[in-house]
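Novice: Here's the letter readout for the chains.
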Amino acid sequence: MIAIVVAHLVFGVAAMIAGRRLGHRVFLVAAVAPLLSVVWAATKVGEVRSGGAVSETIRWVPELGITIDLRLDGFALLMLALVSGVGVLVFVYAYRYFDHGVESAGRLAGTLVVFSGAMLGLVLADNLLWLYVCWELTSVTSYLLIGHDDRDPKARAAALQALLITGMGGLAMLGGFVLLGVSQGTFRISELVASPASSALITAAAVLVLLGAFTKSAQVPFHSWLPGAMVASTPISAYLHSAAMVKAGIFLVLRLGPAFAETATWRNLAVGFGVATMLLGGLRALRQHDLKLLLAFGTVSQLGLLMTLAGLGHPDAVIAACALLLAHAAFKAALFMVVGIIDHHMHTRDLRKLGGFGRGWRPTIVVATISAASMAGVAPFAGFISKEAALEAVVHGDALTKVALVGIVLGSILTVAYSIRFVWGAFVTKPASSPGGSAAAAAAAPSLSLLAPAALLAAITVLFGIWAGVYSEFVRVAAQAIDSAAKAKLSLWHGLNLPLLLSLTALALGAVTFTARDRVDPLQQRMRPRWTAAGGFDASVRGLLSTADRVTSIAQPGSLPIYAGIILLTAVTAPGVALIAFGVWPGWPEWLSTTAHLPVAAMLLVGAVGAARATRRFTAALFLGLVGYGMTLLFVVQGAPDLALTQFAIETLTVVLFLLVLRFLPDRFEHRASGINRTFRIAVSAAVGVFVFSVIVIASAARTAPPVSKTMVEQSLPNAGGRNVVNVILVDFRGYDTLGEITVLLVAAIGAVSLARVGRGRGTEPPSAVPEKVSA
Amino acid sequence: MRRSVILDTSIRLVYHPVLVLSLYLLFAGHNQPGGGFVGGLVAGIAIALRFIAGGIDEVRAALPPQPWSLLGFGLVIASVTAVVPLLFGGALLESGKVQWDAPLIGMIKTTSALPFDIGVYLVVVGLVLMMFEAFGEPTAPAAALPEDGEGS
Chain A
116 MIAIVVAHLV FGVAAMIAGR RLGHRVFLVA AVAPLLSVVW AATKVGEVRS GGAVSETIRW
176 VPELGITIDL RLDGFALLML ALVSGVGVLV FVYAYRYFDH GVESAGRLAG TLVVFSGAML
236 GLVLADNLLW LYVCWELTSV TSYLLIGHDD RDPKARAAAL QALLITGMGG LAMLGGFVLL
296 GVSQGTFRIS ELVASPASSA LITAAAVLVL LGAFTKSAQV PFHSWLPGAM VASTPISAYL
356 HSAAMVKAGI FLVLRLGPAF AETATWRNLA VGFGVATMLL GGLRALRQHD LKLLLAFGTV
416 SQLGLLMTLA GLGHPDAVIA ACALLLAHAA FKAALFMVVG IIDHHMHTRD LRKLGGFGRG
476 WRPTIVVATI SAASMAGVAP FAGFISKEAA LEAVVHGDAL TKVALVGIVL GSILTVAYSI
536 RFVWGAFVTK PASSPGGSAA AAAAAPSLSL LAPAALLAAI TVLFGIWAGV YSEFVRVAAQ
596 AIDSAAKAKL SLWHGLNLPL LLSLTALALG AVTFTARDRV DPLQQRMRPR WTAAGGFDAS
656 VRGLLSTADR VTSIAQPGSL PIYAGIILLT AVTAPGVALI AFGVWPGWPE WLSTTAHLPV
716 AAMLLVGAVG AARATRRFTA ALFLGLVGYG MTLLFVVQGA PDLALTQFAI ETLTVVLFLL
776 VLRFLPDRFE HRASGINRTF RIAVSAAVGV FVFSVIVIAS AARTAPPVSK TMVEQSLPNA
836 GGRNVVNVIL VDFRGYDTLG EITVLLVAAI GAVSLARVGR GRGTEPPSAV PEKVSA
Chain B
3 MRRSVILDTS IRLVYHPVLV LSLYLLFAGH NQPGGGFVGG LVAGIAIALR FIAGGIDEVR
63 AALPPQPWSL LGFGLVIASV TAVVPLLFGG ALLESGKVQW DAPLIGMIKT TSALPFDIGV
123 YLVVVGLVLM MFEAFGEPTA PAAALPEDGE GS
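Sequence lines, in order, name chains A and B.
Numbering of the first sequence is given in the numbering used here, commencing with residue 116 and proceeding in unit increments.
Numbering of the second sequence is given in the numbering used here, commencing with residue 3 and proceeding in unit increments.
Read the hints as simulated data drawn from the structure, not as lab findings.
Heads up, some of the hints might be wrong.
What the hints assert, rightly or not - Only some residues are given here: those of chain B computed to face chain A with a beta carbon under 10 Å:
#, residue
1, Gly36
2, Ala50
3, Ala55
4, Gly56
5, Thr83
6, Val130
7, Met132
Model, not experiment: these values are computed from the prediction.
Glycine is no exception: its CB is placed at the ideal position from the N, C-alpha and C atoms.
Here chain B stands alone, though its shape is the one from the complex (with noise of 0.2 Å):
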């Protein structure tokens, strides 16, 4: 396969970034715009940049972890955090507050919420990577493959 070589740079210099935006989605996402929807699917966008680069090889280089053991533990936070408060005596989903006074950075406010949104940015993620594993692969036959565009 013949790669560009401007786009391959280009792409290795925006992939982490994009990594890190997700992320602060992620974690913003209960204050200001964001949330692990969002954050999980600018993850997907790199990840597809990736793809674009270099192929299925490529993505899975990138992230070793298996695509379906980042949507089952994704599932399996989610649910586990709906289930918690039930043995606090609490209702399904109910939300928690935590703060901790963390020594130098200060003021640490969570809530329940944060742990199911990771759950729900795993199960996006984990989901994407599924994609691209479904069809992602050059091995195609050859009679359906009209034309083989760039993104193999």
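Okay, chain A solo, but in the shape it has when bound (with noise of 0.2 Å):
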């Protein structure tokens, strides 16, 4: 199972490698992948039909415990069918839609492979942890097939929207799986799923996950980056934004709805949030005069109808979110496709514009009508059996349940009102499309095989309608895995019943308002929010950048003597309190050892005195040079060649560094300080002084464990060949500190040519530029 996912890798790798050469036809190559995965698949059908699953388990992190848990069970083959199988038809669809060309095809192909892996991680994971691996993949590459167009800062903005708003839930879902993983001792979905617990943790990490999937499902508030993200092109729309990536919400408040069975703020939450974007969708839809921004909304209405579903949880219900699942990307990715074949013909996607097509567009017109009626929930359709199904899930039950009727029912005359929205915009001709209608009936016909793969989703949706037994069938292998009392009863007829009156008002209302749109449209311009969700990100946005500036200005005033008075004074008092806390004064330590000190030490005073009474910047940089080589005589003396090599060597370049620093600033110190400061100035060097000399006599008297220098010296030659122990100790025992230290120094030459040249006015340059400069 793994050897499918990881070959979704290969795959992009080798498009992203191929996509230079091959141009458009990359997306075949791209589209073996999920063909792949939809063959190993249907070789499991039998196995899972009959109830079982087929499980592997990887050692991922063995020394944490972590492994990758794969299941296939019927909700994972449904899920599958969306990601694997819509998955191909995208990338036929996107090889004859790119013919024309695109910016780098390898890369886009090559992104949208490895989504399709990341999501095919998704929905067959066992495992929280490997889930969140592949939910936040999806994610990241999400954001890189919106801004793939990188030069265009709409899409840029877009992709990052997108990015922060699902980022910030997974991140939240992740806190939630940890609480969720830890009070119930397993992070296997299955496990969990059998034994649902209630506390208070567990409410929490309920509220958590379902960020989480609230995020990544678009649901209100948090819905916006899903309409930002239609600057993508159709394809990536079509596969990410309505049927795969979208559906992860979707998919995991299903999947682990059993393990919240016991928790109520689940179920409220859910079935809340659910019902007010399914109808703040089919508003919003309702006033678009963009196609594609049309089915965005569409979409974020639809994804509110399944997260009601999703979070009611009753067997009936989890049966019609499976239907609607299936139902949704048949639909819905078609429509994406016939709006992505008008885009391409016309070069637009306004309505108002759009009509007035010829013969040739008959087969577009049919596939998009087919779809279109499908979503409206008309017969004999896939979508209508889905909608009765969710109408029977909710007609009895308790308070919330009620509310979810309501919800479904006038979501339902809304996306009526949509659905004949879209056909009458896209292919009616309108009284203002004559200029744009002349070029309709000019432009050439789509060739079919660029309708073939929207032509087949409609086909799905007539067969699903016509034979509900199929549909019903792999319904009922999917809920079943969910939830084993689900039992799926679909089929056209039912009798007449309540769904079926509902549903009926549905249809009539909804061609009522779409009818009564002149009345309707100045009302809905009228309602028009003052407060939108998109707002809403902007201004969090802009508040935490302004914010952060005013951190910054707090915390970096930009002032050296405030970071060096602050730096010194809190080295000491936090150990100084300890140490007159603890400290145990060992007496003075012998004044002079040897005579060899008196010159040292009198050179080291000379220097120092002399650096701080220094007027030029010159002078005060050579007097702590000599105290530098004094340091180094200290050594020589003590018997320590190596630091003192070392000791010198730096001595010396620091004093040549500074000379070359120093001839960009004022000869002279122009502001020495005085009266209070200079006292404070005074004050805190001489407690830095006092300080670091106590410490020294007072630490090294209170040593009780044995020097570990010791079993250093006896290990250095035995263990790491080498008789150098200081040496030893940098290269070896401590490697790692060495391998952060020169990666630190990498980062401060960075940073200084950086400042360097920013301050020498060439701060116009992007620093990428800094190599060639030199080069040239």
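Using the hints, build the complex out of the two chains.
Specialist: In structure tokens:
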């Protein structure tokens, strides 16, 4: 199983490499990966139908006990059909869609395959942590795909918005996973689902997990990224933002629903937000003039419906959710593809300009009409059956179910209205569309091969409607994997019952809403809310940035004396308090151990006092150097050649570098501190001096454990093969530190060069221009 | 720019021996005083001497490789040395020994610490070069140059 997931990554990388040579044909190569997955799943259908599951466990991080658990059961099979089945069709569609060429096709196709692999790993996941990894991988690939046209600032902004919102939700979800996994003692989904529990911790976990699901599946108030993501090209929208990725949240709620069965908050939140999303999405869809945005808000609305059903969580609702997942993927992906075809040929998606298509467009119109009818819930299509199932799931039940019922009926009315608006907007000639209309008549009809994937999806929509048995069986297998009590009885005709009446009412009222659009539109305009989710997102990002600015300006005032003062005072007070509280004064150390110390001490004193009293920067630097060389001599006297050597080399270089920088600074220190300031500085310096002296005296006498240096000296030759302990410590015993330090050196070097260049008024150059500059 | 003949000549005399000394420190470091860090610093001093003689152009002529390449290359060598033992089932940074009975020269013993040290050496040399690259150019705005010292 993992091999199939990995195959996606391999194909992704291969597509990225081969993209330049293959052009748009790279999409056909990329299609092999999801095709493999479909074929593999087809061989397992028998096993899964009989209620079994295919499992696989891979040790991943054995030190932490983290494994990759994959499990193909009925529900995973249904999701796999969405991810890989629709995936294959989208790749074939993209192959024809991009035949005029596309910017870096390899990168696009490669990222799309990697996304497909991540999504596959997600739906097969039986382990929360693995699920999380795949979840975030889909967010990242979605970011790359939305922002594929990286020169378009709108695309970049939309990509960032999607990443921030879904990434934030993902982090919350991880918190929820950890709470759930730790409190239940397992991260395996199949085990968690088998033993639901309830406690305050589980409730917190439920809220956090729902936050992840809501952001991913574009629920109010996190939905604004989904319409924004429509800047991506149509194949990407059809795949990520209607069939696959946005379903991840629904998948999660359905998958984990049984684990939270005892938690009322889970159900209340999911249904509440689902209903709100459903209505808001429907209302917004009615207002759009861009066909793609209309579909995007339609998707938001449908995701709300799915969230409502998934949140209800009783067997009938699970059946309805599974049925709707399939039906929605079929009709919405097909509709997106049709919008892509229209955009491709007419170069506009504005429904006020479209219309007047010639005979060659008839197949496209048929496909679009079937899919839109399915979306509206017209018999005999799959959408009708799933909407019937949804209504049936909510006609009886508690107060929450009543809320869901009202929401679904209202949502259906809106859905019918915007479905009609879609078909009318795309294909009916409007008075205002005369210029575009003539263009439409002249535009070449789309080739059948471009339409084929959408036509296949429309065919599925029809077949699932007519042969409801196949549809019903598929849904039964999926739903029973979630809830063994689920009994699917999907069919076209249930007899004259309440759901059918509600369904017909919704159709009629939806049609009325559409025909009364001249009166509804101004009403909508007046209802235009002052506070939108997109605005809220912008405001919170702006707020975050300005808060960061304010915090930075307080924490980083830019004054070197303040920095140095704070650092020194902290260094003195924090350990100083401990020193006074616990330190034991061992008595004064020996004053003089060898006479060689005398001249060295004199040199150090002269250097230090000279540096402090110097009025010219140049002089001060030289005095500092004197202190350094004094230390070198001290090391020599103490018999530490390695330290002396290093100190000497460092000191020499430091002085040279000091002089380099001093060329850019005024000759003298302009501001000599005076008065209180001066007293304060002297006090801090004195405190540091006294503190360091006493720490050394007290600490060196306070030793209780044997010094680590002894073992290091002993182990140096036998273990590390070196006689120079200092060097062995650097490259072996403390090799980690050295590795970290040289990395810091590299970062510091880059920082220094950038600073120096900016300081010289070359700040307008981007940092990447630095290497080219000198190599030229 | 005026150049002093005496300074020029003496620095030319000293430059290469100092570089050789830095290499000696690098290779001897595991058993005698020295090591990649000190070696790199001594090489840095050699570079500083060239800078004093002829400014940044002289440094660039003396060491054609780009400083950032040296830095990056050094870090790569050190990191690779650190990671390689993992491939053979060892721990990160685990040291290994190599013995080779070379013809004419005799027995050569070395440990995996040497490539790590070479990485450190290159990073330090690269860093020093970067500093000269950053602050060594004489093209500072005139206002910020109160005195044009011997450095440029």
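Novice: Going through the earlier hints one by one, which of them does the structure break, listed in rising order?
Specialist: Failing hints, ascending: 3 and 4.
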